[in-house]
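Numbering (our numbering), first residue to last: 296 to 465.
Don't take each hint at face value.
[To be verified] Derived pair list, reagent style EDC-like, types lysine to aspartate or glutamate, alpha-carbon separation capped at 16 Å: (1) K398 <-> E311; (2) K445 <-> E342; (3) K415 <-> E353; (4) K400 <-> E353; (5) K383 <-> D438; (6) K398 <-> E342; (7) K329 <-> E311; (8) K347 <-> D395; (9) K383 <-> E311; (10) K383 <-> E342; (11) K425 <-> D438; (12) K400 <-> E362.
[Stated by the list, open to error] Pair ranges (Cβ atoms, derived): (13) S321 <-> A360: 22 to 28 Å; (14) E342 <-> F429: 18 to 24 Å; (15) T407 <-> E353: 33 to 39 Å; (16) E353 <-> V424: 24 to 30 Å; (17) A394 <-> T327: 34 to 40 Å; (18) T327 <-> T351: 21 to 27 Å; (19) T428 <-> H374: 19 to 25 Å.
Just so you know, the hints here were simulated from the structure itself, not pulled from any lab data. Yeah, the Cβ is synthetic: ideal placement off N, Cα and C, and Gly gets one too.
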Amino acid sequence: MKNTIDECEQPEIQGEDRHCATSLESMIDFSTSKLGKNVNAISTEVENQTQKQEYTIEAGAKKMAGEKSVVCHKQNYAHAVFYCHETKTRAYMVPLEGADGTKAKAAAVCHTDTSAWNPKHAAFRVLRVKQGTFPICHFLPQDHIVWVAKQKASRIDPNRLIPYNYQIGM
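Work out the full structure: start from the sequences and follow the hints.
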């Protein structure tokens, strides 16, 4: 619980607005204040609860509209708390197939401006890139929510995606 309080009280990084939402109404109010009243909420969906396993990206990824989104991360706390932040990101819904055939649609975001991030951030070490040089993309767990402006989603060429194995599940 202390970590959640600390994270909610940290100063914002440049280019980021954040809010710790303790109700759905608070989350919607923050998201619509950043994106306008016409929004969609997306999150990772798995067709069946399954054991943790590797997933492979399938064809048919959809880029959601806009170059910014509000991402709300569920926090460990005694009651519902979501750490929400607006950043310059591109959001996607990506079809996945598990090793056992389980289908999933994963919410993914690409942070397009990482210049204000801590240069020691783990993503830079893992990907062997420097802060501000490349977008940092990642999938979101099932209990996190991405808010995007409601517009027509566009398909992206699956040949432009880098193959990646990802593990989700219980």
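Tested hints:
no.	hint	in the structure
1	K398 <-> E311	violated (33 Å)
2	K445 <-> E342	violated (24 Å)
3	K415 <-> E353	violated (32 Å)
4	K400 <-> E353	holds (10 Å)
5	K383 <-> D438	violated (21 Å)
6	K398 <-> E342	holds (6 Å)
7	K329 <-> E311	holds (11 Å)
8	K347 <-> D395	holds (10 Å)
9	K383 <-> E311	holds (8 Å)
10	K383 <-> E342	violated (30 Å)
11	K425 <-> D438	violated (30 Å)
12	K400 <-> E362	violated (20 Å)
13	S321 <-> A360: 22 to 28 Å	holds (24 Å)
14	E342 <-> F429: 18 to 24 Å	violated (32 Å)
15	T407 <-> E353: 33 to 39 Å	violated (24 Å)
16	E353 <-> V424: 24 to 30 Å	holds (26 Å)
17	A394 <-> T327: 34 to 40 Å	holds (39 Å)
18	T327 <-> T351: 21 to 27 Å	violated (35 Å)
19	T428 <-> H374: 19 to 25 Å	violated (40 Å)
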